[in-house]
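Colleague: Dock chain B against the given chain H, drawing on the hints supplied.
Just so you know, the protein sequences line up as chains H and B, in that order.
For the first sequence, the working numbering begins at 86 and goes up steadily by one.
For the second sequence, the working numbering begins at 6 and goes up steadily by one.
Hints in this document: simulated from the structure, not taken from any laboratory.
Keep in mind that a hint or two might mislead.
Said to hold, decoys possible - List of simulated lysine-lysine pairs, BS3-like, C-alpha gap at most 27 Å: (1) H/K127 <-> B/K73; (2) H/K163 <-> H/K142; (3) B/K74 <-> H/K127; (4) B/K74 <-> B/K63; (5) H/K127 <-> B/K63; (6) H/K127 <-> B/K118.
Values in this document were obtained by computation on a predicted structure and should not be read as measured data.
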Amino acid sequence: EPEVTQTPSHQVTQMGQEVILRCVPISNHLYFYWYRQILGQKVEFLVSFYNNEISEKSEIFDDQFSVERPDGSNFTLKIRSTKLEDSAMYFCASSESGRGRGGYTFGSGTRLTVV
Amino acid sequence: AQSVTQLGSHVSVSEGALVLLRCNYSSSVPPYLFWYVQYPNQGLQLLLKYTTGATLVKGINGFEAEFKKSETSFHLTKPSAHMSDAAEYFCAVSDRQNNNDMRFGAGTRLTVKP
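Isolated chain H, as found in the complex (with noise of 0.2 Å):
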């Protein structure tokens, strides 16, 4: 069965240092998706993209976060300068239709911990 893949699946970064997370998505989805969840928190939605560019953002989605569609394969979400409560899992998502008519399949997804 198809997968989303995702890597690292646990990074450890300093404060204010800049961190990719990397995502491969299934080939033939079109919509692509980062989510995270807090330790113990809800999931949350950052961003979806399609078409290479973004679709919708959350709140949570400010100026430090960006995404990006480098090649036809993967998927990035960068952050620019982590901060302590960025520390979460990130969750990369695709979707071969919008608005989740066919759902979502999620990456095992990558574990952020800023120090």
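Modeller: Just chain B now, kept in the frame of chain H:
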């Protein structure tokens, strides 16, 4: 904007007992509705979804959910709990008209006692 509320952050049942996890949504139009399961240290796995058609939806692992428009609910059930069902369950909603994202409930942690 759509939102979803899960009643009960923790539910504990005995093995073999009925599982009932509650989810109510708020949306201006009937949304797409989903249940996801998250096992410890893993990602989110789709259990089932409602988009259109039959309101009783069957998913994986013996789970099912019923869309009730009059009650704005999408409760998840399983007739007989198994130890392996212990996990976090998330209800999610997507607006079929306006927004291109999916919003999750706060989650319900299911514990299954032997």
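Colleague: If a hint holds in the structure, say so; if it doesn't, say that too.
Modeller: Results of checking the hints against the structure:
{"no.": "1", "hint": "H/K127 <-> B/K73", "verdict": "holds (24 Å)"}
{"no.": "2", "hint": "H/K163 <-> H/K142", "verdict": "holds (14 Å)"}
{"no.": "3", "hint": "B/K74 <-> H/K127", "verdict": "holds (25 Å)"}
{"no.": "4", "hint": "B/K74 <-> B/K63", "verdict": "holds (17 Å)"}
{"no.": "5", "hint": "H/K127 <-> B/K63", "verdict": "holds (25 Å)"}
{"no.": "6", "hint": "H/K127 <-> B/K118", "verdict": "holds (24 Å)"}
When the structure is compared with the earlier hints, no violation turns up for any of them.
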